[in-house]
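Participant: These are the residues of each chain, in order.
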Amino acid sequence: MIKNLYNYRYLFAEIVRKNIKLQYRNSVLGIFWTLLQPFLTTVVLVLVFSGIFGKSSKLVVNYPIYLLCGRMLYEFFSQSTKRAMRSVRLSAGVIKKVYIPKYIYPISNVTSNFITFLISLIVLVAFIIFFKVTNNNPVHMTGYVFLAWVPILILFFLCVGIGLILSVLEVFFKDTEYLYDVFCMLIFYLTPVFYNVKQLHISSKIVRLGLMANPLYSIVSMFRSCVLYGEMWNWNWFYYAAGMSIFLMLTGSLLFWKTQDKFILHL
Amino acid sequence: MGEETVKPAVVVDDVSVLFNLNAEKIDNLKEYFIKLLTRRLHYTEFWALKNVSFTVQPGERLGVLGFNGSGKSTLLKTVAGVLKPTKGHVEVDGVIAPLLELGAGFDMNYTGKENIFLYGATMGFSRKYITERYDDIVAFSELKDFIDVPVKNYSSGMRARLGFSIATAVEPDVLILDEVLSVGDAKFRKKSEKKIQSMFDSGVTVLFVSHNTDQVRRLCNSAILIEKGVVTARGTADEVCAIYDAQVNSNK
Numbered sequence: 598m599i600k601n602l603y604n605y606r607y608l609f610a611e612i613v614r615k616n617i618k619l620q621y622r623n624s625v626l627g628i629f630w631t632l633l634q635p636f637l638t639t640v641v642l643v644l645v646f647s648g649i650f651g652k653s654s655k656l657v658v659n660y661p662i663y664l665l666c667g668r669m670l671y672e673f674f675s676q677s678t679k680r681a682m683r684s685v686r687l688s689a690g691v692i693k694k695v696y697i698p699k700y701i702y703p704i705s706n707v708t709s710n711f712i713t714f715l716i717s718l719i720v721l722v723a724f725i726i727f728f729k730v731t732n733n734n735p736v737h738m739t740g741y742v743f744l745a746w747v748p749i750l751i752l753f754f755l756c757v758g759i760g761l762i763l764s765v766l767e768v769f770f771k772d773t774e775y776l777y778d779v780f781c782m783l784i785f786y787l788t789p790v791f792y793n794v795k796q797l798h799i800s801s802k803i804v805r806l807g808l809m810a811n812p813l814y815s816i817v818s819m820f821r822s823c824v825l826y827g828e829m830w831n832w833n834w835f836y837y838a839a840g841m842s843i844f845l846m847l848t849g850s851l852l853f854w855k856t857q858d859k860f861i862l863h864l
Numbered sequence: 004m005g006e007e008t009v010k011p012a013v014v015v016d017d018v019s020v021l022f023n024l025n026a027e028k029i030d031n032l033k034e035y036f037i038k039l040l041t042r043r044l045h046y047t048e049f050w051a052l053k054n055v056s057f058t059v060q061p062g063e064r065l066g067v068l069g070f071n072g073s074g075k076s077t078l079l080k081t082v083a084g085v086l087k088p089t090k091g092h093v094e095v096d097g098v099i100a101p102l103l104e105l106g107a108g109f110d111m112n113y114t115g116k117e118n119i120f121l122y123g124a125t126m127g128f129s130r131k132y133i134t135e136r137y138d139d140i141v142a143f144s145e146l147k148d149f150i151d152v153p154v155k156n157y158s159s160g161m162r163a164r165l166g167f168s169i170a171t172a173v174e175p176d177v178l179i180l181d182e183v184l185s186v187g188d189a190k191f192r193k194k195s196e197k198k199i200q201s202m203f204d205s206g207v208t209v210l211f212v213s214h215n216t217d218q219v220r221r222l223c224n225s226a227i228l229i230e231k232g233v234v235t236a237r238g239t240a241d242e243v244c245a246i247y248d249a250q251v252n253s254n255k
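From first to last, the protein sequence lines are chains A and B.
For the first sequence, the numbering used here gives the first residue as 598, with consecutive numbering after it.
For the second sequence, the numbering used here gives the first residue as 4, with consecutive numbering after it.
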């Protein structure tokens, strides 16, 4: 399988390149949308929620950055898994004609989204610098910021795992898409993107369980520890998020491996 | 004894392919669960290929004859590696280029130039390898003026020409032809037939599917006949074509 992937590394690179190129073709601003989009949505969310959750306090430190951290990670998660989900079905024309290791499609789609996500992190850096320079409730920048790649990497593997599972389901059942849209909405509200869990007094056991079970909750929290609070993350988050992403990677790979020969009969 | 054994280009060893035919194709969860609950989820089994075995020597040009639904396309799909056989196995020595429905690997929003690299990568070739052949591909396709235009604005003939040019530029060891010799206008067709003839001369192995026995006689040096998933004849192109023609006439 490793040898197989090595032989098809050119195709992998071509698909990643294609996705990035095509995403911003025909738009005047081109790749700048990657930066403008998170910036604008953050401005909107700040305006909407600043009255309710936005009091910069000890809990959120700096609301715009708090929000940006959560939003960018969630956005990468939902975009990349949705793209991966459709990738195999959209490539039916090729898959029916030429032999290609099919796992290339979901993985390369997550990867291309990952690259645009990394580019969009510039916005976060710009915001941090802006607040630092204006000295307007600056974030606690410490050496822990250099550990921010850990939650990002965990998130990448989580998305690959989920992407593999979804792409298989989508081949066999077309309504996976609609169900997953609803699921993503659930994940969005169960991820502390615009609120802080400690600000809310959640009495519902189900909601609290949902928050704990959501690996994105742990990943976003880890990321904020590094970037915003400048402290070591809670190790429970790390164990859970890393465990979940390894588990989903294994499940996804196994499911894909077991079913890939049947794809052609359903496409 | 003493005879030098050449490694065959294609080995099809006892290949069988089973399809599940269900009256209605279930492709969404809702229907699946309804059928599962009402216990109406049953399949009819259908063997598209049954114990098919043959080998193709390097440089051999094999015609595959058979009526519609006899399993020709299924056979080519298993050789191309697209469809995994239920039983048995297929071995192909070298690079295989399927010329089935040209341009299937194109992205419509991509320009002709970008698609050349994408299509090349789909067949497993590096950017460097395609760059070396890029000028030849463009020249052969006669699409120099349109190469930076998105493929969605191409006519179907232009698309097929580009596909043909890429697929034949990479010097495959095994070529699968599925009645695609009628690409583009008359002028390009002549050119493409010439190109294929020159590939034949260079000793490429060919699998050629056709209903046209004249074409098979002209292009191939051996042939097989498939009936209902079983190989019923194997021999020289002339012998097998004669059997096939006799069947066509008797069915009249």
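These are computed hints drawn from the structure, not numbers from a lab.
It is possible that part of the hints are untrue.
[Said to hold, decoys possible] FRET-style restraints, in silico, Cβ to Cβ:
no.: 1; chain 1: A; residue 1: T848; chain 2: B; residue 2: N23; range: 23 to 33 Å
no.: 2; chain 1: A; residue 1: I843; chain 2: B; residue 2: E196; range: 50 to 60 Å
no.: 3; chain 1: B; residue 1: K90; chain 2: A; residue 2: K802; range: 51 to 61 Å
no.: 4; chain 1: A; residue 1: L852; chain 2: B; residue 2: N23; range: 13 to 23 Å
no.: 5; chain 1: B; residue 1: E135; chain 2: A; residue 2: E828; range: 29 to 39 Å
no.: 6; chain 1: A; residue 1: Q634; chain 2: B; residue 2: F49; range: 22 to 32 Å
[Stated by the list, open to error] Calculated cross-link-like contacts (lysine-lysine; reagent style DSS-like; alpha-carbon spacing at most 25 Å):
no.: 7; chain 1: A; residue 1: K859; chain 2: B; residue 2: K194
no.: 8; chain 1: A; residue 1: K618; chain 2: B; residue 2: K190
no.: 9; chain 1: A; residue 1: K855; chain 2: B; residue 2: K194
no.: 10; chain 1: A; residue 1: K859; chain 2: B; residue 2: K10
no.: 11; chain 1: B; residue 1: K231; chain 2: A; residue 2: K859
no.: 12; chain 1: A; residue 1: K679; chain 2: B; residue 2: K231
no.: 13; chain 1: B; residue 1: K155; chain 2: A; residue 2: K618
no.: 14; chain 1: B; residue 1: K116; chain 2: B; residue 2: K231
no.: 15; chain 1: B; residue 1: K90; chain 2: A; residue 2: K855
no.: 16; chain 1: B; residue 1: K10; chain 2: A; residue 2: K693
no.: 17; chain 1: A; residue 1: K693; chain 2: B; residue 2: K190
no.: 18; chain 1: A; residue 1: K771; chain 2: B; residue 2: K197
no.: 19; chain 1: B; residue 1: K33; chain 2: A; residue 2: K615
no.: 20; chain 1: B; residue 1: K131; chain 2: A; residue 2: K855
no.: 21; chain 1: B; residue 1: K10; chain 2: B; residue 2: K116
no.: 22; chain 1: B; residue 1: K90; chain 2: A; residue 2: K693
no.: 23; chain 1: B; residue 1: K116; chain 2: A; residue 2: K615
Here the structure is a predicted model, which is why all the values come from computation and not from measurement.
We treat Cβ as the ideally placed atom computed from N, Cα and C, and that holds for glycine.
Participant: Each hint needs a verdict: does it hold in this structure or not?
Facilitator: To see whether the hints hold, each was checked on the structure:
{"no.": "1", "hint": "T848(A) with N23(B): 23 to 33 Å", "verdict": "holds (25 Å)"}
{"no.": "2", "hint": "I843(A) with E196(B): 50 to 60 Å", "verdict": "holds (55 Å)"}
{"no.": "3", "hint": "K90(B) with K802(A): 51 to 61 Å", "verdict": "holds (53 Å)"}
{"no.": "4", "hint": "L852(A) with N23(B): 13 to 23 Å", "verdict": "holds (20 Å)"}
{"no.": "5", "hint": "E135(B) with E828(A): 29 to 39 Å", "verdict": "violated (55 Å)"}
{"no.": "6", "hint": "Q634(A) with F49(B): 22 to 32 Å", "verdict": "violated (50 Å)"}
{"no.": "7", "hint": "K859(A) with K194(B)", "verdict": "violated (39 Å)"}
{"no.": "8", "hint": "K618(A) with K190(B)", "verdict": "violated (35 Å)"}
{"no.": "9", "hint": "K855(A) with K194(B)", "verdict": "violated (44 Å)"}
{"no.": "10", "hint": "K859(A) with K10(B)", "verdict": "violated (31 Å)"}
{"no.": "11", "hint": "K231(B) with K859(A)", "verdict": "holds (22 Å)"}
{"no.": "12", "hint": "K679(A) with K231(B)", "verdict": "violated (42 Å)"}
{"no.": "13", "hint": "K155(B) with K618(A)", "verdict": "holds (16 Å)"}
{"no.": "14", "hint": "K116(B) with K231(B)", "verdict": "violated (43 Å)"}
{"no.": "15", "hint": "K90(B) with K855(A)", "verdict": "holds (16 Å)"}
{"no.": "16", "hint": "K10(B) with K693(A)", "verdict": "violated (28 Å)"}
{"no.": "17", "hint": "K693(A) with K190(B)", "verdict": "violated (30 Å)"}
{"no.": "18", "hint": "K771(A) with K197(B)", "verdict": "violated (45 Å)"}
{"no.": "19", "hint": "K33(B) with K615(A)", "verdict": "violated (34 Å)"}
{"no.": "20", "hint": "K131(B) with K855(A)", "verdict": "violated (34 Å)"}
{"no.": "21", "hint": "K10(B) with K116(B)", "verdict": "violated (37 Å)"}
{"no.": "22", "hint": "K90(B) with K693(A)", "verdict": "holds (20 Å)"}
{"no.": "23", "hint": "K116(B) with K615(A)", "verdict": "holds (12 Å)"}
The structure fails hints 5, 6, 7, 8, 9, 10, 12, 14, 16, 17, 18, 19, 20, 21 (numbered hints given earlier, in ascending order).
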